[in-house]
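All chains should be modelled from the sequences, with the hints used to inform the complete structure.
Line by line, the protein sequences give chains A and B.
UniProt numbering numbers the first residue of the first sequence as 1 and each following residue consecutively.
UniProt numbering numbers the first residue of the second sequence as 1 and each following residue consecutively.
For the record, the hints were derived by calculation from the structure and aren't laboratory data.
Ideal Cβ placement from N, Cα and C applies to all residues, glycine included.
Cβ pair distances, simulated, as ranges:
hint, chain 1, residue 1, chain 2, residue 2, range
1, B, Thr493, A, Gln220, 35 to 41 Å
2, A, Pro34, B, Phe343, 22 to 28 Å
3, A, Leu52, B, Val6, 39 to 45 Å
4, B, Val334, A, Asn105, 52 to 58 Å
5, B, Tyr377, A, Ser92, 24 to 30 Å
6, A, Leu52, B, Ala369, 47 to 53 Å
7, A, Ser304, B, Phe343, 46 to 52 Å
The calculated DSS-like cross-link candidates involving lysine-lysine, where the alpha carbons are at most 25 Å apart (straight line), are:
hint, chain 1, residue 1, chain 2, residue 2
8, B, Lys58, B, Lys103
9, B, Lys37, B, Lys250
10, A, Lys73, B, Lys382
11, B, Lys269, B, Lys53
12, B, Lys382, A, Lys72
13, B, Lys382, A, Lys79
Sample of chain A residues lacking proximity to chain B, with all beta carbon distances greater than 10 Å (derived):
hint, residue
14, Asp42
15, Lys110
16, Thr114
17, Gly266
18, Arg275
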Amino acid sequence: MGFWKFRFPWTRLRRLGIMGMNERNADFILPYNPRRNFPWVDDKSKTKALALSAGIAVPKLYGIVEIEHQIKKLREIIKPHEDFVIKPAHGSGGEGILIIIGRQNGRHRKANGTLASDDEVGHHISNILSGMYSLGGLPDSALIEYRVKFEPLFEPISYQGVPDIRTIVFRGVPVLAMMRLPTRLSDGKANLHQGAIGVGIDLASGRTFCGVWRDTPVDQHPDTGGTLAGLEIPYWSEILALTARCHDLVRLGFIGVDIVLDKDFGPLVLEINARPGLSIQLANKTGILPRLRQIESMSEIPISIEERVRLAQQLVVSNL
Amino acid sequence: MRNLHVKILALVLVTIGVSLCWYKVTRLGLPLLPTEKAEVWTVEARIEFKAKKDAPVKVRFSIPRTPIGYTVVDENFVSSNYGLTTADDGILRFAEWAVRRVKGYQVLYYRLNLARDPMAAEPTASFTVPGVRVPEFPELMRSAAWALLDEVRSKSADAASFSRELLLRLNAPTPDPNVVLLRQDIQSPEDWVRRIVNLLAAADIPARMAHVLILKDGISHGTLTPWLEVFDRGVWLPFGPETAENGFPKEAIVWHLGDSPILDVSGGKHAKVEYSVRRHSQDMTLVAEQRARQMGSRIMEFSLFSLPVQTQNVYRVLLLVPVGAFFIVFLRNVIGIKTFGTFMPVLIALAFRETELLWGLMLFTVLVASGLLIRFYLEYLKLLLVPRLASVLIIVILLMATVSLFSHKLGIDRGLSIALFPMVILAMTIERMSLVWEESGPAEALKQCLGSLLVASLAYLIISSKVLGHLVFVFPEILLVTLAMTLLLGRYTGYRLIELWRFRAALKN
Chain A
1 MGFWKFRFPW TRLRRLGIMG MNERNADFIL PYNPRRNFPW VDDKSKTKAL
51 ALSAGIAVPK LYGIVEIEHQ IKKLREIIKP HEDFVIKPAH GSGGEGILII
101 IGRQNGRHRK ANGTLASDDE VGHHISNILS GMYSLGGLPD SALIEYRVKF
151 EPLFEPISYQ GVPDIRTIVF RGVPVLAMMR LPTRLSDGKA NLHQGAIGVG
201 IDLASGRTFC GVWRDTPVDQ HPDTGGTLAG LEIPYWSEIL ALTARCHDLV
251 RLGFIGVDIV LDKDFGPLVL EINARPGLSI QLANKTGILP RLRQIESMSE
301 IPISIEERVR LAQQLVVSNL
Chain B
1 MRNLHVKILA LVLVTIGVSL CWYKVTRLGL PLLPTEKAEV WTVEARIEFK
51 AKKDAPVKVR FSIPRTPIGY TVVDENFVSS NYGLTTADDG ILRFAEWAVR
101 RVKGYQVLYY RLNLARDPMA AEPTASFTVP GVRVPEFPEL MRSAAWALLD
151 EVRSKSADAA SFSRELLLRL NAPTPDPNVV LLRQDIQSPE DWVRRIVNLL
201 AAADIPARMA HVLILKDGIS HGTLTPWLEV FDRGVWLPFG PETAENGFPK
251 EAIVWHLGDS PILDVSGGKH AKVEYSVRRH SQDMTLVAEQ RARQMGSRIM
301 EFSLFSLPVQ TQNVYRVLLL VPVGAFFIVF LRNVIGIKTF GTFMPVLIAL
351 AFRETELLWG LMLFTVLVAS GLLIRFYLEY LKLLLVPRLA SVLIIVILLM
401 ATVSLFSHKL GIDRGLSIAL FPMVILAMTI ERMSLVWEES GPAEALKQCL
451 GSLLVASLAY LIISSKVLGH LVFVFPEILL VTLAMTLLLG RYTGYRLIEL
501 WRFRAALKN
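Structure representation (structure tokens):
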């Protein structure tokens, strides 16, 4: 290595095909995601209804609270369920999600182990309704839904919350996938910027290969010590097909699909994101741009889901 | 395709902005820097005479025509009950005062404000050669004149060199007998110039006397200085009659041309005119504005200077907001700094203008810190969001009033100048900060708060720059350039600076 081989960091990032925030917004979100289709993904209750009508599996909805007055009915909604999740319909970045894992002496146990009364749960819902967690502070509604019981396979690499699988889907073809593992730092949430671990997944085989935590590569889960690489994700081609169908569902060209593996119900679509983050590139140790540009240059994308999944798996091989 | 469109649009905007700016700087002389001062000369001619009994008074006074190298900022006539007209015959310009009946001593004033103007028009060439009236010299002088002229003619090529040679000989310290003869019976500088004009006429060279006023600060009973002008190939060339130097003296204006009287009073006696000159400096923008009016330029009619002063002051602040906004665009899309809210730092920076930076930062810190404490207490009360925000807002305003009162009692009147401090923004900041505090911990909240303050301080430093404030106010078209740069940044798809850090793990291999 001589001095003459020096390259500026940005030219090196370009060579690696890593996409930056400006490029994502200007070249992919703006041209491929028409604004009028955003409500389908921004409102989780709409996404859920849409998915159900298309026969896509989602966590069961127990109830929706839309106005302050309905909080009184909360007790009725949650009566049959020991555990449940409350989330804002317009939330983003995993904010405002309250996870109740059980009941004790009439009080609710939260995911982090502390107890909360009915009133406190009601206050949280009230905060959601007034728009505390929604984009732009607009009035919101609160969803009360099934708490996912994750696949026991993920036990050694998960701390408190539920791990999920994030896949970037471009023009209906999955291009990059990662598993997101909550840590103590992320407080049970699966968002990388809050401290969750991202683990790259080989699209062709569904096998995990490496992890990244707070922008640095890791091999083991910092809280449980479980090994991150070499894990084979069950139902892999089913998961890929599910993500590909989500594109048809919301008619957005560039999306991030979050899927959880429930031990009873299998893969469930948790949410769809119209502005997916970029850390997935770090988790996969690869830039997303070559794959995106390749799909962008294709004049036509196959309609059948199987062909699209096959295309996704070929993409990886051709880019290696 | 879309990129090309944006680039062309940006180019058009930059072209319009820069060319308007260029026109204003070069043609109208608007200064690019706020400190530029123009030198303005105030010249005053004082005419006095004693009116004759029962006779109408008519005063005819020669006044300058657009002096070369200067622009007339304004001119006015002080003449209480006289009727006034001005006349211009193409060479000379006159002011004519008239009144039917007056008594005793009369004083009239003519006042002229001049500013140096390097762009002022050059004198235009005239192609009609003025006629020469061959003078008649007394017998003795005639032969001396012819002898001198013959000598000079043999040592010159054209009118200009002839005049120069003649002047050198006439002003020689050891004159030859011919010159001594010609110098006789000269009483005044006017006589001297008249003699030279006659000598040149005898050589068939048109020449005339020019009366110039030398601009020198503090002259109070000044007179005009006679000068010589020689016609050569379509232009009048000035010569110093006693120095033979080319050109008019530095800092001088031509007041009157030719041999006709400068002041002519009918119906008055003991007429006298005196000149006074004063130099002072004036804001360049005002001079340029007046000059543009004189030039009849339409652009200055649409300048912000034509607004009422109060509105002008509002725009002085308002026009800086786009510059701050562009700065935020740069910090967010090119650097990648995160702030509370998109344009909150600009508004904070605007508030800092009222309080100045250090005091503003202290105030902001005190208000946000105490607001946060109260916000945590309100959280314990489990209030609904909007009432809670309103409560924080009310408390913020009460806190501001308290701070003002205390600082006033302590004799620091700075605290009173915070009227514009954006309370709603402060309340929202407190709310957001407490959310970040709960969700991501105090470290993250403090980090984001410091980031916002840093951006606000930088924005303040940019906004409060005197040069920038002057530029956007005098040349609002600069905002078109700002717009063009913002549009270009809107299609910037390169990495943000912090992304180079964020993706550093990818760079390691």
